[in-house]
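J.: This is what each chain is made of:
Protein chains: 2
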Amino acid sequence: MQNFIAYNPTKLHFGKDVIEGLPVSLPKYGKRILFVYGRGSIIRSGLYDSVKRLIGQAGMEVVEYGGIRPNPVVEDVDAAAGLGRKHNVDMILAVGGGSVIDSAKIIALTIPVNHSGWDFYSGKAKPAKAVPLITVLTLAATGTEMNRFAVLSNRAEGKKNGYGHVLCYPKESFLDPALTIPVPGDYTAYGIADLIAHCFELYFGAGDATLTDRIITSIVREAMEYGPQLLGNLTDYDLRARIMYAATMALNGLTSYGKVAGDWAVHGMGHVLSLHYDTPHGASLTIAYPAWLKFFREPMKERIAALGTELFREPLDAGGSILRIEGLFRQLGCPVRLSDIGVGHGEKDKLVKGFIINEVEGGNMKLTHEDYPKLIDLMM
Amino acid sequence: MQNFIAYNPTKLHFGKDVIEGLPVSLPKYGKRILFVYGRGSIIRSGLYDSVKRLIGQAGMEVVEYGGIRPNPVVEDVDAAAGLGRKHNVDMILAVGGGSVIDSAKIIALTIPVNHSGWDFYSGKAKPAKAVPLITVLTLAATGTEMNRFAVLSNRAEGKKNGYGHVLCYPKESFLDPALTIPVPGDYTAYGIADLIAHCFELYFGAGDATLTDRIITSIVREAMEYGPQLLGNLTDYDLRARIMYAATMALNGLTSYGKVAGDWAVHGMGHVLSLHYDTPHGASLTIAYPAWLKFFREPMKERIAALGTELFREPLDAGGSILRIEGLFRQLGCPVRLSDIGVGHGEKDKLVKGFIINEVEGGNMKLTHEDYPKLIDLMM
Numbered sequence: 001m002q003n004f005i006a007y008n009p010t011k012l013h014f015g016k017d018v019i020e021g022l023p024v025s026l027p028k029y030g031k032r033i034l035f036v037y038g039r040g041s042i043i044r045s046g047l048y049d050s051v052k053r054l055i056g057q058a059g060m061e062v063v064e065y066g067g068i069r070p071n072p073v074v075e076d077v078d079a080a081a082g083l084g085r086k087h088n089v090d091m092i093l094a095v096g097g098g099s100v101i102d103s104a105k106i107i108a109l110t111i112p113v114n115h116s117g118w119d120f121y122s123g124k125a126k127p128a129k130a131v132p133l134i135t136v137l138t139l140a141a142t143g144t145e146m147n148r149f150a151v152l153s154n155r156a157e158g159k160k161n162g163y164g165h166v167l168c169y170p171k172e173s174f175l176d177p178a179l180t181i182p183v184p185g186d187y188t189a190y191g192i193a194d195l196i197a198h199c200f201e202l203y204f205g206a207g208d209a210t211l212t213d214r215i216i217t218s219i220v221r222e223a224m225e226y227g228p229q230l231l232g233n234l235t236d237y238d239l240r241a242r243i244m245y246a247a248t249m250a251l252n253g254l255t256s257y258g259k260v261a262g263d264w265a266v267h268g269m270g271h272v273l274s275l276h277y278d279t280p281h282g283a284s285l286t287i288a289y290p291a292w293l294k295f296f297r298e299p300m301k302e303r304i305a306a307l308g309t310e311l312f313r314e315p316l317d318a319g320g321s322i323l324r325i326e327g328l329f330r331q332l333g334c335p336v337r338l339s340d341i342g343v344g345h346g347e348k349d350k351l352v353k354g355f356i357i358n359e360v361e362g363g364n365m366k367l368t369h370e371d372y373p374k375l376i377d378l379m380m
Numbered sequence: 001m002q003n004f005i006a007y008n009p010t011k012l013h014f015g016k017d018v019i020e021g022l023p024v025s026l027p028k029y030g031k032r033i034l035f036v037y038g039r040g041s042i043i044r045s046g047l048y049d050s051v052k053r054l055i056g057q058a059g060m061e062v063v064e065y066g067g068i069r070p071n072p073v074v075e076d077v078d079a080a081a082g083l084g085r086k087h088n089v090d091m092i093l094a095v096g097g098g099s100v101i102d103s104a105k106i107i108a109l110t111i112p113v114n115h116s117g118w119d120f121y122s123g124k125a126k127p128a129k130a131v132p133l134i135t136v137l138t139l140a141a142t143g144t145e146m147n148r149f150a151v152l153s154n155r156a157e158g159k160k161n162g163y164g165h166v167l168c169y170p171k172e173s174f175l176d177p178a179l180t181i182p183v184p185g186d187y188t189a190y191g192i193a194d195l196i197a198h199c200f201e202l203y204f205g206a207g208d209a210t211l212t213d214r215i216i217t218s219i220v221r222e223a224m225e226y227g228p229q230l231l232g233n234l235t236d237y238d239l240r241a242r243i244m245y246a247a248t249m250a251l252n253g254l255t256s257y258g259k260v261a262g263d264w265a266v267h268g269m270g271h272v273l274s275l276h277y278d279t280p281h282g283a284s285l286t287i288a289y290p291a292w293l294k295f296f297r298e299p300m301k302e303r304i305a306a307l308g309t310e311l312f313r314e315p316l317d318a319g320g321s322i323l324r325i326e327g328l329f330r331q332l333g334c335p336v337r338l339s340d341i342g343v344g345h346g347e348k349d350k351l352v353k354g355f356i357i358n359e360v361e362g363g364n365m366k367l368t369h370e371d372y373p374k375l376i377d378l379m380m
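The listed protein sequences derive, respectively, from chains W and S. Residue numbers are given in the working numbering: position 32 of the first sequence equals residue 32, and the series is strictly consecutive. Residue numbers are given in the working numbering: position 339 of the second sequence equals residue 339, and the series is strictly consecutive.
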């Protein structure tokens, strides 16, 4: 086992109607809120009105930044940070999915400074403080509600990268599974795939932490059991709850304790697909994972076989495990090949270039530029 | 799933030589330390000297309270709190096992007030603030290093009870598995039994949280795999690390998410055994658990069978599961009957009275006073 620090200061409120606690929590952090959200789904669902009512109940002042895009971009972050700075806000309330909350984390770092949020990604700047962030989650997927990571795109530079800092933890996050009921089947499936992929990234990371591996496979098995049930019954609160809880646990630190780090090459490749084709994050991962597993089948054969055997509870070798994992993604209705999203051989050079620009390397199983064409072939 | 709050502010430093970080952490909380420890084992191991060196390196002032007793008593807590109050300490550094750290938690609550620490247990007083607590753990067992619970005895009243408050979380805890290497085989086994019992208390608590159940059985399986190995090889750092990590995870909140609460009747009964016979905590639990399982075998038959089947990975009914669990405790060298610790039928009335005084009720499967003699018979 590796030395590690277990520390997660986020207070997570989970369950039915937990957002009714917002008027108690919000005033702890000041008076003026920057309310950040996406492109209308919370207005359609009525959540926008509920949140405005709760902010009113708390007697807070509010300035709004709506319209955060999926696969979030630095332009939104910088504009929202400018608005927050101008209005001297005390806190951010982010209501939405991973894109909104990831954006809000970088907005929180950018408000106190005089430069673009991208400077944290490029390494030009290091954060010294952050505006407190409270989140209300509407999509079970990325785990951002209880971690220190944020993914952002810079289309001008052709980059979509992840960033993590201890100042990025939300102070409090409110997770009502009922708020995820409006999510349609395809995005529900991508969320399930995303949480499974997070587990895999940590499982295939370097380091020997058997309990963490057991917890990882527990989370995947939960998703395997209840994910398909949920896709057949999207309005079931209890199934929504099981998946939402699993998604949080997949990437809140727990799945990394005692390991060196995750691998994350698949996320790197997936980000490039999202950048070029606006592929939903979870769908990009179900295309990249089977290819990555096939590429590293020989050197990782014991690890892959052990994973499949534990997940499916029957003796499987590496090849059999890969087939079953790909089958699981298919069962969720997710794409597993580039052709499934209409991307053909003609895109290969563009993808190779994207992998190079985004420095897709992997933390445990190292990738070189020479490996990229082979990986893309395996995705075809 | 039940609504729940996931919140654990303790910063846990885990791994080899992590205590070398004390000079960085301690000064964050002030200048004057109350250094609390037990009855000499840290002096014999050399840890006392190391900690004194690190406190010196940090340039802190220190006042010491040594001699905290196992199965800790309120007299030590009140005396140490008085010392801390007199010297106006800024923080507590607790170095030891569960008894020392549990005592330190109540000392931290008692220093700012003018009454006995027992008043928090009796409900006479509610804490308003606590002196910051930093811990260095020397025994893998209770999970106290990362939770808000503390168990204390009041021998004058014939009580040994648990208490929990959000102010009881240690600010930081330092866990170097190497510091547990001096723990002898029997106490190592009791620690393993304790962590398993914590998992069981939560598993048999009310509420339906399948992922939490999976995590619970993952922790028990880790203990089942590495516990016996460790008992055959007490100086192995890596085995010490796996057990220490498992013990922390068994009771840091994780095993309760989405459940109503744990059951804890077995802990209640175990505390009475410890109170009367100074039975080590873990050993009291391995006597009480088989009896409790047999007592509730019929109403809990599906739950018990599912637990055994998952732990031992073969189809087991409730009776078979109980036998295997008892066998596991025996394999660890722990007592499973009162006769194993020299307690005979003559003690029955005393134990019944102890259960009554300590209000042993259970959180999920309710016990009445009429049940106590039957439970004690099952322990014989």
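It is worth saying that the hints were derived from the structure and are not from the lab. Check each hint, because a few of them may be wrong.
Repeated chains share a single entry, so a pair holds when one copy, or any two copies, can fit it.
[Said to hold, decoys possible] In the DSSO-like style, the derived pairs of lysine-lysine whose C-alpha atoms are separated by at most 30 angstroms in a straight line are:
{"hint": "1", "residue 1": "Lys129", "residue 2": "Lys159"}
{"hint": "2", "residue 1": "Lys16", "residue 2": "Lys366"}
{"hint": "3", "residue 1": "Lys86", "residue 2": "Lys124"}
{"hint": "4", "residue 1": "Lys31", "residue 2": "Lys171"}
{"hint": "5", "residue 1": "Lys129", "residue 2": "Lys366"}
{"hint": "6", "residue 1": "Lys353", "residue 2": "Lys129"}
Just so it is clear, the structure is predicted and the values come from calculations on it, not from any experiment.
J.: The structure should be examined with respect to each hint, and the outcome stated for every one.
T.: Status of the hints after comparison with the structure:
Proximity of Lys129 and Lys159 under a CA criterion of 30 angstroms is satisfied intra-copy only: 25 angstroms inside one chain copy versus 48 angstroms between copies. Taking the closest pair of Cα atoms, Lys16 and Lys366 come within 30 angstroms of each other only across two copies (27 angstroms); inside a single copy the shortest separation is 43 angstroms, beyond that limit. Taking identical chains as interchangeable, the C-alpha atoms of Lys86 and Lys124 lie at most 30 angstroms apart only when both belong to the same chain, with a minimum of 23 angstroms there against 50 angstroms between chains. When the C-alpha separation of Lys31 and Lys171 is checked against a cutoff of 30 angstroms, the pair qualifies both within a copy, at 16 angstroms, and between copies, at 28 angstroms.
For the homomeric pair Lys129 and Lys366, neither the shortest alpha-carbon distance inside one copy (34 angstroms) nor that between copies (50 angstroms) is at most 30 angstroms. Taking the shortest alpha-carbon separations for Lys353 and Lys129, neither the intra-copy value of 35 angstroms nor the inter-copy value of 57 angstroms comes in at or below 30 angstroms.
Taken one by one, the earlier hints fail for this structure at numbers 5 and 6, listed in ascending order.
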